[in-house]
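Residue numbers (my numbering), protein chains in the order written: chain Y, 1 to 156; chain A, 1 to 298.
Hint data in this document are derived by calculation from the structure and do not stem from the laboratory.
Note that CB positions come from ideal geometry on N, CA and C, so glycine has one too.
You may find that some hints are simply not true.
[What the hints assert, rightly or not] Take a look, some chain Y residues computed to stay more than 10 Å from chain A by CB distance:
1. D30
2. P31
3. K34
4. Y83
5. G95
6. M106
7. E110
8. Q114
9. G115
10. S129
11. D155
12. D156
[What the hints assert, rightly or not] When the alpha-carbon atoms are kept at most 25 Å apart in a straight line, the in silico SDA-like pairs for lysine to any residue are as follows:
13. Y:K105 with A:I84
14. Y:K105 with A:P59
15. Y:K105 with Y:D155
16. A:K274 with A:P59
17. A:K274 with Y:F109
18. Y:K55 with A:K296
19. Y:K55 with A:D248
20. A:K296 with Y:D155
21. Y:K112 with A:R75
22. A:K291 with A:W180
[Stated by the list, open to error] Where chain Y lies over chain A, by a calculated footprint (3+ residues, C-beta under 8 Å):
23. 220-232
24. 261-275
Chain by chain, the residues:
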Amino acid sequence: MQRITLSAVTVGLCIAVAAGGYADSHSATDPAVKARHGHMQLYAFNLGVLGAMAKGEMEFDADRATAAAANLHAVARLDETGYWPEGTSSDAMEGSRALPAIWEKMDDFEAKQQGLIEAAATMEGAAGSLDGIRANIGAVGGACGACHKPYRQSDD
Amino acid sequence: MAALIRWALFLGAVALAAGWWITRPERVDAAALAGLTPDLALGERTFVAAGCASCHVAPETSGGDGQPVLSGGQRFASEFGTFIAPNISSHPEHGIGAWSDEEIVTAVMKGVSPGGAHYYPAFPYTAYAKAAPAEILSLAAYLRTLPASDVPSLPHEVGFPFNIRRSVGGWKWLFTDEGWAVEGDLSPDAAAGRYLAEALGHCGECHTPRNPLGGLDISRWLQGAPNPSGRGRIPGIDPGSLTWSEADIAYYLETGFTPDFDTAGGSMVAVIDKTAQLTPDDRAAIAAYLKAVPPKVE
């Protein structure tokens, strides 16, 4: 129970921090687009912990790693109702890199989301050891890439 | 007057002959290939590093698990029309199962079909022309070990005048350069990376801007380009545009993670599928090469 509250608080804090940071650096003003960017920033923040440990740039710490993986899993499961209103694709507005294909293939898009939930769940179970992180980080990155490949516009 | 006409006719004939000569399809020297022994393991590594599967597997398949089925069908939009990757599986009729070594190596390194027609440069043979013939011969042997598919190749959707394959000969004459884009003294690592990036990985095909005729602008090598999909841009990866450390570049080519843990998207995902299968030394070599590229100056 305490773990859940803690991760919920971390998630909340991170959303606040990340959304603040993103508002400064990106031109998006639409609230749904801002929320999407904040959501992505949360993935990056928590993956950054796991990735830095995997790369040997940060000392391995089982608690810290497990918390990061739990956050990743929690963020991946957030309900995205309202995240993807019509008119917020990269064609429709500045500051959005969400390709129109998302709205054409919403089922597949959601399946890709499910792929990340599964990869993050496996990571959560494995993050207690450095080998576990190293063995699973590729699959998490693969799940991100599987969605970024068809659905995110490439840019400078 | 008659003399003048005769001269004009003569000069016209010379121009035609020159044009005919310039646009003639070249082949590789079969005798030179005959002295080489194919090596299947080398062929598989060449296949991965050259990214053949990225374009030749069926659309929306990753070619990730098991042996890739090179049945073709992916569409490549360009200003000149839409090209559709053909079936290059080992099927004797619909693929290239019946082709000789010389025919396969000529296709990959010279961009010329068994019947003597020029291929369009959507097939990146201008990069593969820089490869070692022994590696491409080994690649040919490896291709024959892959599964056959009987999916027929589709015609390209290209209008006049680009549908005249002979005219591609003029394009090749202008833009095929078997020398390296990055010249000069490179460290052994960077030189190994240059081979992987310029001859096999064809990084320049996406990351280098093109001139109005569709030729790569070597003076802006790897400095970023519009995305041929028509949306967004492909980032520059020269040292002026990309300031990541070599270790970070190598890690990106292994996992797709950027230094701030964003992940790669778009057409780079299929490239990373391949670079992830290379050795750590190969990825480090590509990173060393990227640092040796002349930087973009604003």
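Non-conforming hints, listed in increasing numerical order: Violated hints: 11, 12 and 18; rest satisfied.
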